[in-house]
Amino acid sequence: MKRYESWGRYPTIRDQKVLTISSRKAPLPLPDDERSVLPYGLGRSYGDSCVNDNNAIIDTSALSNLIAFDPNTGILRAESGVSLATILKVFVPKGWFLPVTPGTKFVTLGGAVANDIHGKNHHRAGTFGRHVSQFGLIRSSGEHLTCSPTSNSDLFRATIGGLGLTGLVTWVEIKLVSIKSPYLDTRTIKFRNLDEFVEVSRENDPVYDYSVSWVDCTTEGDQLGRGLFMAGNFSERRKSRQPKSLSIPFPCQAPSWLLNSYFMRSFNTLYYNKQLSRTVDALTHYEPFFYPLDAILDWNRMYGKRGFFQYQFVVPFDEKGETIKEIFRRITRSKRASFLAVLKTFGDIESPGIMSFPRKGITLALDFPNDGAPTLALMKELDTIVLQAGGSIYPAKDARMSHEAFLASHPRLAEFEPHIDPRFSSSFWRRVRN
Amino acid sequence: MKKIVIIGATSAVATETARCFALEGAELFIAGRSQEKLERLADDLRVRGAAVVHTGLFNARDLASHDQLLESAYHTLGEIDAALIAHGDLPDQTECQHSWIGTEQALATNFLSPVAFLTWLANYFEKRGTGNITAISSVAGDRGRQSNYIYGSAKGALSVFLQGLRNRLAPRGVSVTTIKPGFIDTPMTADIKKGPLFASAELVGTRVHKAMKRGDSVVYTPFFWRFIMLIIIHIPEFIFKRLKL
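Note that the protein sequences, when read in sequence, are chains B and D. Residue numbers are given in my numbering: position 132 of the first sequence equals residue 132, and the series is strictly consecutive. Residue numbers are given in my numbering: position 164 of the second sequence equals residue 164, and the series is strictly consecutive.
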């Protein structure tokens with residue numbers, strides 16, 4: 001059964017009307033009363049940006065058709081409810097891959113546009129929006145528009161990263177990239193602390209199209225921010241045997257006592273020491289490389305019924321990485337961090353999206369189990385450091401940032417707001433704008 | 001299996017089955033009642049890898065036209081390796097209780113129309129030998145319940161028809177597959193409040209594809225419905241008649 005909630009399962013939804021749209025040519029469904037609407041895809045946004053409590057959502061799952069593909073250019077047009085998983089299933093065997101992919105393939109094209117998602121190749125390819133040539137948009141005025149950099153260009157730039165507030169995206173055209181093999185030549189490098197991370201990243205990012213680091217948020221001192229730098233390029237070698245893909249559903253809600261700080265510390269230590277030598281090279285299939293967590297369906301249940309917060313920010317580079325070190329110290333001291341802390345350097349390739357999150361600097365994403373007030377207080381503390389450093393907080397993962405934090409994170413808000421459709425809103429939007 | 005006919009192809013389940021065949025590069029003849037929907041699906045199937053996709057329009061109430069539709073499918077494809085009959089309509093039970101007109105229509109759409117298609121297909125495959133005929137019935141046809149017995153009796157009749165057909169065609173090496181889905185989250189059930197037993201059309205459609213390739217006989221999908229129905233069928237009538245089902 002489909003639950004229309006967010007991935008972090010926080011906040012709890014009380015009353016939300018579910019509308020559906022049957023085809024990309026259909027009129028925009030709207031409630032009979034004054035309630036607002038918000039498009040809903042696969043609900044992988046962590047916070048409340050994909051829900052619209054006390055209002056309505058439009059389930060786009062029926063918009064599941066592929067429309068056209070040009071094998072000479074790699075240009076694919078598909079309806080907005082199509083998931084990245086579907087695109088991979090159809091096109092990887094034909095030698096094509098997504099231009100940009102997040103850490104899960106269970107997101108829709110519409111969601112990828114609305115959040116202007118980024119991936120392990122941000123330093124080389126920028127955000128998803130950079131690879132979108134055009135899309136269809138229905139507005140509550142009844143108009144069906146085609147938006148591209150040349151036609152309805154203002155709406156094009158507002159909708160990319162526009163959190164679903166500018167209208168309903170019905171179809172999207174993207175350019176796939178050609179690959180010779182579904183495998184990547186990967187290299188995993190252990191780093192002992194953040195200084196080493198910066199060094200490893202600077203050395204390897206120019207050589208690898210894809211890179212990301214897992215970091216341990218439980219160690220201090222000269223081991224502060226130790227972790228594993230994982231990088232790869234699609235292989236030129238062909239390997240025909242496909243590993244059997246196995247997904248295991250997370251069976252039930254885990255009891256909340258399970259995720260205590262001792263458990264986290266042991267897990268992190270084990271994970272850090274999974275390789276003994278500093279550098280390990282391998283040939284890795286794209287599934288475990290890009291989507292390690294997709295193998296466990298519904299992994300969000302691990303956090304029990306209270307749900308969890310995800311926190312992601314970007315801060316500009318400073319010479320000694322003082323900002324990021326300060327943030328790590330706070331997190332380590334709080335003993336609240338979880339196993340999923342991910343560090344990456346963003347490049348300076350600009351997105352067409354006005355509200356797009358990624359910008360040049362260093363980004364960290366991590367989970368916090370929801371322990372109520374202390375967790376919220378910690379994140380508020382982190383907000384202050386991030387914003388003082390001129391950084392930004394990611395709306396797609398947020399369920400609690402303040403109005404002020406939102407304003408500071410989005411310097412071009414005034415440029416965006418005129419393009420919001422008057423009938424569209426979200427729980428997130430009402431929270432940060434009131 | 002290369003050449004596939006799908007009747008009622010724009011239904012949520014059949015669409016997913018068609019997509020599985022498209023990924024394998026099959027040649028497809030898809031039929032439905034809306035040209036616009038068929039065109040949209042045909043484009044989708046081509047992008048996914050179908051070698052060729054042909055479309056045909058039909059109206060389930062116009063039984064006389066059914067032979068002609070299959071004739072044209074046969075002529076466009078050259079031959080047929082497998083056929084799926086997937087159309088159906090959930091009637092308004094209360095309305096049917098007040099007037100037999102609704103019941104007649106429900107029986108025409110859910111039983112007589114599939115039978116018209118199956119009759120042509122049975123004779124075609126009997127002559128040809130080898131191949132698969134699959135039709136989507138329902139767990140609702142396993143036992144009559146007060147809330148849904150009009151639809152249930154149409155599907156029950158279809159299940160019995162398929163059972164007989166399977167018996168007739170088995171010696172010719174032709175498999176006949178009865179699909180019995182439980183609750184599916186589709187436009188047909190849009191107005192029903194969804195419980196935990198609802199399955200996605202993708203899951204059911206993928207199972208149908210597998211059943212057609214293997215030539216299964218009776219498939220409950222998702223699988224746990226076989227056990228649920230086993231219990232339901234075996235509740236003694238003197239108890240069952242008092243239940244609110």
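Since the hints were derived computationally from the structure, they do not count as laboratory data. In this text, all values refer to a predicted model and were calculated from it rather than measured experimentally. Hints may be right or wrong, so weigh each one.
[Unchecked claim] In silico DSSO-like pairs for lysine-lysine, Cα to Cα no more than 27 Å straight-line:
1) 274(B) to 305(B)
2) 244(D) to 210(D)
3) 244(D) to 213(D)
4) 2(D) to 89(B)
5) 94(B) to 210(D)
6) 213(D) to 94(B)
7) 37(D) to 175(B)
8) 37(D) to 127(D)
9) 210(D) to 89(B)
10) 25(B) to 37(D)
11) 180(D) to 94(B)
12) 190(B) to 360(B)
13) 89(B) to 37(D)
14) 305(B) to 360(B)
15) 37(D) to 213(D)
16) 89(B) to 213(D)
[What the hints assert, rightly or not] Computed beta-carbon distance windows for the label pairs:
17) 388(B) to 210(D): 41 to 47 Å
18) 65(D) to 72(B): 50 to 56 Å
19) 317(B) to 195(D): 49 to 55 Å
Backbone N, C-alpha and C fix where the C-beta goes; we use that ideal spot for every residue, glycine too.
Against the structure, the hints:
With a C-alpha separation of about 31 Å, the suggested pairing of residue 274(B) with residue 305(B) is violated against the 27 Å cut-off. The hinted pair formed by residue 244(D) and residue 210(D) fails the criterion: a straight-line CA distance of about 35 Å is larger than 27 Å. Restraint check for residue 244(D) and residue 213(D): the C-alpha separation of about 39 Å exceeds 27 Å, so the hint is violated. For the suggested pair residue 2(D) and residue 89(B), the alpha carbons sit about 20 Å apart, so the restraint of at most 27 Å is met.
As the CA atoms of residue 94(B) and residue 210(D) are separated by approximately 22 Å, the hinted pair is consistent with the 27 Å bound. A hinted pair counts as satisfied when its Cα atoms are at most 27 Å apart, and residue 213(D) with residue 94(B) qualifies at roughly 23 Å. As the CA atoms of residue 37(D) and residue 175(B) are separated by approximately 26 Å, the hinted pair is consistent with the 27 Å bound. Pair hint residue 37(D) plus residue 127(D) does not hold up; C-alpha atoms about 33 Å apart against a cutoff of 27 Å.
Taking the CA atoms of residue 210(D) and residue 89(B), the gap is near 17 Å; set against the 27 Å cutoff, the hint holds. Among the hinted pairs, residue 25(B) with residue 37(D) is consistent with the structure: their alpha-carbon atoms are about 11 Å apart, no more than 27 Å. Under the criterion of a C-alpha separation no larger than 27 Å, the hint pairing residue 180(D) with residue 94(B) is inconsistent with the structure, at around 34 Å. A C-alpha spacing of about 24 Å is found between residue 190(B) and residue 360(B), which places the hinted pair at or below 27 Å, so the restraint holds.
Restraint check: the Cα-Cα separation between residue 89(B) and residue 37(D) comes to about 23 Å, which is no more than 27 Å; the hinted pair holds. Between residue 305(B) and residue 360(B) the CA atoms are separated by roughly 36 Å; this puts the pair beyond 27 Å, and the hint is violated. The suggested pairing of residue 37(D) with residue 213(D) holds, with an alpha-carbon distance near 26 Å, which does not exceed 27 Å. Restraint check: the Cα-Cα separation between residue 89(B) and residue 213(D) comes to about 20 Å, which is no more than 27 Å; the hinted pair holds.
In this structure the hint that residue 388(B) and residue 210(D) lie 41 to 47 Å apart at CB is violated, the actual value being about 57 Å. In this structure the hint that residue 65(D) and residue 72(B) lie 50 to 56 Å apart at CB is violated, the actual value being about 41 Å. Between residue 317(B) and residue 195(D) the beta carbon distance is about 52 Å. The supplied range of 49 to 55 Å therefore holds.
Hint violations for this structure: numbers 1, 2, 3, 8, 11, 14, 17, 18, all remaining hints satisfied.
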